[in-house]
Amino acid sequence: MIVSEVMTTKLITVTPDDTLSHAANLLRQYQFHHLPVVTATGRNEWSGYTGSGQNALPEFQGLLTSQDIDLAAAMGKWSSSEVLHRPWQERLVAEVMHRASIRVTPTTSVAAAAQLLVERGLNCLPVVEYEQAGQDDGGGSRPVLLGLLTRSDLLMALARSLGAFEPGMELMIQLLPGDLRPLAETLVLAAQLHIQIRSVIAAPQESGVPRVATVRLGTINPAPLLVRLQEAHIQYTFAGSLTEGDGHD
Amino acid sequence: MTEVNANRRARLLFDTDELHYDFGPGHPLQPTRLVALMDLLESAGLWQSANEQDRLPLRPATIEELGLVHTPDYIAAVQSLSLPVAGEPSVGRQGEGEHILPTHQADSQAQLALKYGFADGDTPALPGMHEVSARIAGGTLVALSAVMGLPEGGAIASENERPLHVFHPAGGLHHAWAERASGFCVYNDIAVAIAHVLRASEAKVLYIDFDAHHGDGVQRAFYDEPRVMTVSFHETGRYLFPGTGDVLELGNGIGRGYSVNVPLQPFTEDDSYIEAMDALLAPLVISFAPDVIVSQHGCDTHAWDPLTHLSLTMRGIQAQIKLAHQLADTYCQGRWVAVGGGGYDLYRVVPRAWSIVWAEMSGQLLPVSLPEDWVARWRPAWFGVEEQEALAQQAMGKTSVPANFPTTFQDRPEDFSEQPRRWTISRTNRHTVALVRHLLIPPSVRQAFPSVQNRSPLAGLFDLLHLRGSATPSRSKTLETQKGTLLLRDFCPPSLIDRLTPDVGLRAFARIPEREHQLLVSIAKRPDCALTVAHTQSGEIVGEVTLAPGDEWWEGLENVYEVGIEVSSNWRGLGIAKNLLAFALDLDALEDIILFAMGLSWHWDMEGLGLSVYRYRELIAWLFASQGFTEYPTTEPNVRMEPANVLLVRIGKRVDQRVASRFLSHLLSSPNLTGL
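Going down the list, the sequences are from chains A and B.
Each residue of the first sequence is one higher than the one before, counting from 74 in our numbering.
Each residue of the second sequence is one higher than the one before, counting from 57 in our numbering.
Everything labelled a hint here was simulated from the structure, so no lab data went into it.
It should be emphasised that the depicted structure is a prediction, and the values quoted were computed from it without experimental measurement.
Where hints are given, some of them may not hold.
With a straight-line cut-off of 25 angstroms between C-alpha atoms, the simulated DMTMM-like cross-links for lysine to aspartate or glutamate are [what the hints assert, rightly or not]: (1) B:K260 <-> B:D327; (2) B:K171 <-> A:D90; (3) B:K171 <-> A:E279; (4) B:K581 <-> B:E570; (5) A:K83 <-> B:D385; (6) B:K171 <-> B:D95; (7) B:K533 <-> B:D642; (8) A:K83 <-> B:E428; (9) B:K260 <-> B:D129; (10) B:K533 <-> B:D644; (11) A:K83 <-> B:E217; (12) B:K260 <-> B:D644; (13) B:K533 <-> B:E698; (14) B:K539 <-> B:D661; (15) B:K378 <-> B:E442.
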């Protein structure tokens, strides 16, 4: 899985010349915490490369977080320094934003991005692509903003991988170390019975191999499959096992 | 208005064409269950197909009506898939030849099927399914329109002839999504009918889903619609289709608080189920004040059902039906539409369960025994599927008691073995119910409907306030306002509240002043609550403050009381709230207790106030600050859900330090969310 599959692409952005009060309003209105700062867009809201003209590609300048604004507001209250005598609402985004130099590209693997977020204690990564700038810009490359990857995006990706947004029910298949045959047989049986599989997860445990596979079945009628599993001596866990759990002691 | 008249106003909607909703042999949903039902109704003399007074004609829903819920591309796909394909053995009815598609189109048909949810064994595409599904949707639409007095319900001679209750057993296809077939459901007849009522009238609709599966399609259709409250009692989605229906699915945007989900444990039995229903439905109906109730009576909750893990018997199923009827009669002037739904023990459960629906609706008493000739006709049908059914039950983990074909309408207790984990299951369910009550029922309503185990656990301590029940002298005080003189009274006895009348603007919780009044009477009757009111000299209540023990969320904490306050919308801005609160809290025991008040933005009458929510939040904080309350951060799920919500707390000076710190740490824990 790569970043472009899970990132947010409908972005609300600000420019360096916007005021903090404008930015604070946006954050409040949309209820999120990060605003990418870009130049060269005429609009606040855009989605991918829908703009026209050469200047439509937004160059990424940095990030403004709600924390940055809180800090600016607090300093506006307490500091006596000359520069800060303006009310914080009138200060410009460019003065407060940070460069967000840790960035990813659309083809970065989701695993690498997740590790970055956790290790650096970040909540959000800008997704950029570097493009060659024109001669009059003095050459070099400029970052073009393609999306944002937040912790929420990763959580939603996880839920999606679990098939949580599709109607269905979960079945756990017991596996022996290194032997995925029960899972394969389950899938074949499901296909024979025309039962849709919403998702399959067989993640490695501490030993490095999967011991259980979670299969989300897109059916309201699991009994025929369960009967076939029993006939094939495939171990599954299900609500029924709860009864066995403490019912017999 | 006698029994006879009441009977006349109940109708049953059934059309033999609906039996074409048939996914073929081997499919769990068999239309023969409806044949068995109609046969039972006729043999038991409960309904006569010849009797015009009992029935209501149906017509198919139009494309435009289906489009109220379903997307145009989905409807087009269903129509296209309804045409039989050459070379493929079609299930159900054979096509009429002229509509058969050439084989080369079969591929694109298969893609359509995959995209719109017909590719699996659950809801296979079948010839004519558009027509039959539209017919079923039309049936529920006609039923609801008739009850609501809309023209689509058919011509009715006079208002007194209008049907009050209608039962449409073929309806209840609650899993269909706007753009996808799912779980045996093609068109969502319930959602189509409700959407039609929303469009054609100002009415508010309460939908109660008793099916063992979560009513996901109906919930999705109205997830951000505050005029429809969907309430679903179902087996938890952890092991059961469709996997959704968590307590925290509460609705979205202005629809927040109008989706109610009660996920019950696998193997839940009658008593626990009834307890959950009783604790929730009446207060929900009061706080929502619907104009009509639509109930879905999927009877796959029964212990014999091969598709689910719930373990009800006819006793629990009958309790659902009676409660729906009683709520409709008490709160919706009788307007009630019942539909069928799931139910896969086709011959032993479905005919009996839905006969009970019709008997209840039409005010007829059920005989004890099933008609012998009916049993003789249908027992062989069950023998045909018995073995398969037993296997399926066992695969689902249900303990099977060797059972026979029933001969009575009710179940015999000896046919069901007690669940080994009954106690744990009931406890977990009680916990779930407490959370739902806490999240969705406004404080005054909750206080008027105390849950069983919560009945004054701290009555002894509350004597501090009460100095023994009726002997408590009720204080009074006059308050001069610009609109006239008000009398403030505390510890109001029920007799006093009974004599007073509610001001027309007093409706923050029950939405209708008369019901708000009823709530106040109920609260006054509780020995562990204190009620303070402000009323005019002519006896109109214009404001109230309630003081009641904290609800289940605060379980285990001592001396914690919730304060609720309301002032009639006609009497705001006169300083009544502040004076009334100060008067109500002028107590000897004030410093011995912890008081809290919760401001939840979805209960606020924003239109009536003309303020922004944040402004109103400040107003509340300021009002309570005048009595020494301060705002506390908390992980309590209701307060956390909206930034506008607020928790205000006042810890009395003489409160034991340990008690106070236990309270404070409770604010930041989330004990009731674990395990859900």
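Here is how each hint holds up against the structure:
1. B:K260 <-> B:D327: violated (31 angstroms)
2. B:K171 <-> A:D90: Roughly 47 angstroms between the alpha carbons, so the hint for K171 of chain B and D90 of chain A is violated.
3. B:K171 <-> A:E279: violated (38 angstroms)
4. B:K581 <-> B:E570: Within the cut-off at roughly 17 angstroms; holds.
5. A:K83 <-> B:D385: Violated. K83 of chain A to D385 of chain B sits at ~49 angstroms, over the 25 angstroms cutoff.
6. B:K171 <-> B:D95: Given pair K171 of chain B, D95 of chain B is violated - Cα atoms ~39 angstroms apart, limit 25 angstroms.
7. B:K533 <-> B:D642: holds (12 angstroms)
8. A:K83 <-> B:E428: Measuring from Cα to Cα gives roughly 67 angstroms; hence the hint is violated.
9. B:K260 <-> B:D129: violated (29 angstroms)
10. B:K533 <-> B:D644: holds (17 angstroms)
11. A:K83 <-> B:E217: Given that 25 angstroms is the threshold and the Cα spacing comes to 55 angstroms, the pair is violated.
12. B:K260 <-> B:D644: violated (45 angstroms)
13. B:K533 <-> B:E698: violated (37 angstroms)
14. B:K539 <-> B:D661: Roughly 21 angstroms separates the two Cα atoms, so the pair holds.
15. B:K378 <-> B:E442: violated (30 angstroms)
Checked against the numbered hints given earlier, this structure breaks hints 1, 2, 3, 5, 6, 8, 9, 11, 12, 13, 15; the rest are met.
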